[in-house]
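Trainee: Residue numbers (the working numbering), protein chains in the order written: chain A, 28 to 184; chain B, 1276 to 1412.
Please note that a few of the clues may not be correct.
For each label pair, taking beta carbons as the anchor points, the in silico distance ranges come out as [stated by the list, open to error]:
(1) B:A1333 - A:G180: 41 to 49 angstroms
(2) B:A1333 - A:D168: 35 to 43 angstroms
(3) B:P1381 - A:E149: 18 to 26 angstroms
(4) B:G1408 - A:R41: 49 to 57 angstroms
(5) B:R1404 - A:D96: 42 to 50 angstroms
(6) B:G1408 - A:V43: 50 to 58 angstroms
Some but not every residue of chain B turned toward chain A, in silico, with C-beta under 7 angstroms [to be verified]:
(7) D1320
(8) S1354
(9) G1358
(10) V1361
(11) Q1382
(12) I1389
(13) T1390
No lab work stands behind these hints: they were computed from the structure. Don't be surprised by glycine CBs; every beta carbon is placed ideally from N, CA and C.
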Amino acid sequence: MNALSDEDVWTSAREVVELSFPGSVDFVVIARFTAAAIGARAGFDLDDIEDIRLAVDELSISFGPIDTDSCLRYQFVRDGDAVTVRFTREPAAGRVAGDKEVKESGVTQSRRALANWMQARELSAVLLDELVTSHGREISDAGSVAWLMKRRGRRIR
Amino acid sequence: MGFSKRGISGGMPRETRSPRPGTPPPSTNGCDAEVPVLEASGELDLAVAPWLSDQLDALLVGGASSVILDLSRATFLDSTALGVLVGLLNRCRTLGGRVHLVVTEPQILRVLSITGLSQAFDIHEDRARLVAGGTTS
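Here chain A stands alone, though its shape is the one from the complex (with noise of 0.2 angstroms):
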């Protein structure tokens, strides 16, 4: 970690970072990583930083299982102590978002992982209410969006 003082961080111009990936799950560890680092730089503690990996995580899932025909891109803003994330998944060529064609590797999931991944995204929408000071989600033809806001110093538990 460097060596700036809190206000030179805090106060320093509006910072953006983004970062795309083809749709693998591989990748979503590059942005947690990318998120601590944002995170640290808004002047978070670790716990708050633990808190952001872990948000832009749950972020990743928005929309269910990440599909490797798919296109992953973020978007981290720090402007003072807020990080804002954007992730964006844009279905390929010929598919539409909200497809509901359950895939993961090419093969389709069993009965059972898909009741995993529904009891995920009801964990998935719990934690995000507690980690981040804001999110939400939209969805169109377009793609999927999904978003969240998170202020230092505003963890609860």
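Knowing the structure of chain A, use the given hints to seat chain B on it.
Mentor: Same frame as chain A, now just chain B:
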């Protein structure tokens, strides 16, 4: 952070495989308890959840109704991995068994607390003490 930290090792004498290249090989659980033990280390996220589910399925196929899941070396737990654990919990309860989690990582305890699952699982700080206590059935 790194893939090499991820790993899951089963405590039952069955075939296992690594979810990631470079993951340490499975180890035995080091105890003679009848309740099977699965050790999961590193970051348990959406990339690892399907593999975790497979490993837990394998334990139950062996006839167990209760499971010890040792997360003492796990550093991260997201909703997909937690969903797998809830699925396990439901199955074990149906069989009249329990799910014992060994957890020391504060962030994982926080995830369990936020989701209201702290009371649903039997949570322990020390696996050796859990097994020695004989309260796992």
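Trainee: All hints, please: hold or fail.
Mentor: Now for the hints, and whether the structure bears them out:
1. B:A1333 - A:G180: 41 to 49 angstroms: holds (44 angstroms)
2. B:A1333 - A:D168: 35 to 43 angstroms: Between A1333 of chain B and D168 of chain A, where Cβ atoms are some 41 angstroms apart, the hint holds.
3. B:P1381 - A:E149: 18 to 26 angstroms: holds (23 angstroms)
4. B:G1408 - A:R41: 49 to 57 angstroms: Roughly 55 angstroms apart at Cβ, these two residues keep to the hinted range, so it holds.
5. B:R1404 - A:D96: 42 to 50 angstroms: holds (48 angstroms)
6. B:G1408 - A:V43: 50 to 58 angstroms: For V43 of chain A against G1408 of chain B, whose Cβ atoms are near 53 angstroms apart, the range 50 to 58 angstroms holds.
7. D1320: Holds, about 6 angstroms.
8. S1354: holds (4 angstroms)
9. G1358: holds (3 angstroms)
10. V1361: Holds: closest Cβ of chain A sits about 5 angstroms from V1361 of chain B, inside 7 angstroms.
11. Q1382: holds (5 angstroms)
12. I1389: Constraint on I1389 of chain B satisfied, holds at 5 angstroms.
13. T1390: holds (5 angstroms)
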